[in-house]
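Residue numbers (full-length UniProt numbering): 1 to 203.
There's no promise every hint is true.
Pair by pair, the computed Cβ-Cβ distance ranges are [to be verified]: (1) T97 / Q27: 42 to 50 Å; (2) L117 / D23: 49 to 57 Å; (3) V175 / Y7: 14 to 22 Å; (4) I45 / L135: 30 to 38 Å; (5) E102 / M5: 32 to 40 Å; (6) K36 / S172: 27 to 35 Å.
Under the rule of at most 25 Å between Cα atoms (straight-line distance), these lysine-lysine pairs were calculated in the DSS-like manner [said to hold, decoys possible]: (7) K54 / K90; (8) K178 / K62; (9) K109 / K60; (10) K62 / K108; (11) K90 / K178.
Just so you know, these hints were derived from the structure itself, not from any lab.
Beta carbons are placed, not taken as given, at the ideal position from N, Cα and C, and that holds for glycine.
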Amino acid sequence: MDDFMVYDPSFDACLESLSIVLDRCIQTNLVLNFEKCHFMVVEGITLGHLVFNKGIKVDKAKIDIISSLSHPASVRKVRSFLGHARFYRKFIQNFITIPCIEAFQKLKKRLTTTPILQALDWELPFELMCDVSNLAPGVVLGQQVGKCSHANYTTIAKEVLTIVFALDKFHSYFVGSKIIVFFDHATLKLLLKKLDAKPRLIR
Numbered sequence: 001m002d003d004f005m006v007y008d009p010s011f012d013a014c015l016e017s018l019s020i021v022l023d024r025c026i027q028t029n030l031v032l033n034f035e036k037c038h039f040m041v042v043e044g045i046t047l048g049h050l051v052f053n054k055g056i057k058v059d060k061a062k063i064d065i066i067s068s069l070s071h072p073a074s075v076r077k078v079r080s081f082l083g084h085a086r087f088y089r090k091f092i093q094n095f096i097t098i099p100c101i102e103a104f105q106k107l108k109k110r111l112t113t114t115p116i117l118q119a120l121d122w123e124l125p126f127e128l129m130c131d132v133s134n135l136a137p138g139v140v141l142g143q144q145v146g147k148c149s150h151a152n153y154t155t156i157a158k159e160v161l162t163i164v165f166a167l168d169k170f171h172s173y174f175v176g177s178k179i180i181v182f183f184d185h186a187t188l189k190l191l192l193k194k195l196d197a198k199p200r201l202i203r
C-alpha cells in the first residue's frame with residue numbers, strides 16, 4: 001500500500017472516520033509511518049496530486065522538475081518524459097493529438113499551467129458527450145458551470161456503441177443520478193420509437 005486519505009465535509013465527521021480507519025489498521029496489523037502521516041489538514045499531496053477542497057491539481061514539486069527538462073535526446077528520455085505526461089494526461093485537453101517536438105513544448109507548458117479538476121456536484125445532472133470514428137469511441141463526462149470490428153459498423157451503430165461504452169466506463173458516477181447525453185446524430189432519437197430496429201441496436 002502506498003498512500004490513502006480520509007476526508008469528510010466537517011471536522012467531527014472526519015475525526016469519526018479517522019477513528020474507524022485507525023481501528024481497522026490495528027485489527028489488520030497495518031503499520032503506518034508516523035513521519036509521513038498528516039492529520040486534519042485542508043490540503044495534501046497524495047499519489048502525485050494535490051488534493052484540496054476545490055478538487056485536484058498536479059504536484060508543484062513534480063511540475064518544477066518538468067519545467068527544467070531539455071529536449072529528450074534518447075529513447076529512454078522520451079519514454080521517461082511521456083511517462084510523466086501520461087500520468088497527468090487527464091489534466092491536458094487533446095492530449096492524444098499533439099504531435100512530437102511541438103508536443104514536448106506544449107506538454108511542458110500545459111503540465112505547468114494545469115487547471116483544477118473540480119469535485120463532482122451530486123445535486124447536478126451529469127452531461128455525457130459522445131462521438132466516434134472508425135478507430136475508437138470517445139466520451140466526455142461533465143457537469144454544466146474500440147475494437148477493430150467497430151470500423152465495419154454503420155454510423156448509427158457506432159454512435160450507439162459510443163454511448164454504451166460511455167455509460168459502462170462512467171457507471172460509478174451515474175448510479176442514482178440524472179444523466180443528459182449529448183450526441184450529434186439525430187437518427188438516434190428515432191431509434192427508441194423504431195419497432196423494427198436490428199436486434200443488436202435494440203440490445
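Outcome of the hint check:
1. T97 / Q27: 42 to 50 Å: The hinted range 42 to 50 Å holds for T97 and Q27, with Cβ atoms some 49 Å apart.
2. L117 / D23: 49 to 57 Å: violated, 32 Å
3. V175 / Y7: 14 to 22 Å: Given a distance of about 20 Å, which is inside 14 to 22 Å, the answer is holds.
4. I45 / L135: 30 to 38 Å: holds, 36 Å
5. E102 / M5: 32 to 40 Å: Hint holds: Cβ distance 37 Å, inside 32 to 40 Å.
6. K36 / S172: 27 to 35 Å: holds, 29 Å
7. K54 / K90: holds, 16 Å
8. K178 / K62: With Cα atoms ~37 Å apart, K178 and K62 exceed 25 Å; violated.
9. K109 / K60: It holds: about 13 Å lies between the C-alpha atoms, which stays within 25 Å.
10. K62 / K108: Status holds; Cα separation ~11 Å.
11. K90 / K178: OK: K90 and K178 at ~24 Å, within 25 Å.
The structure fails to meet hints 2, 8 from the earlier list, while all remaining hints are met.
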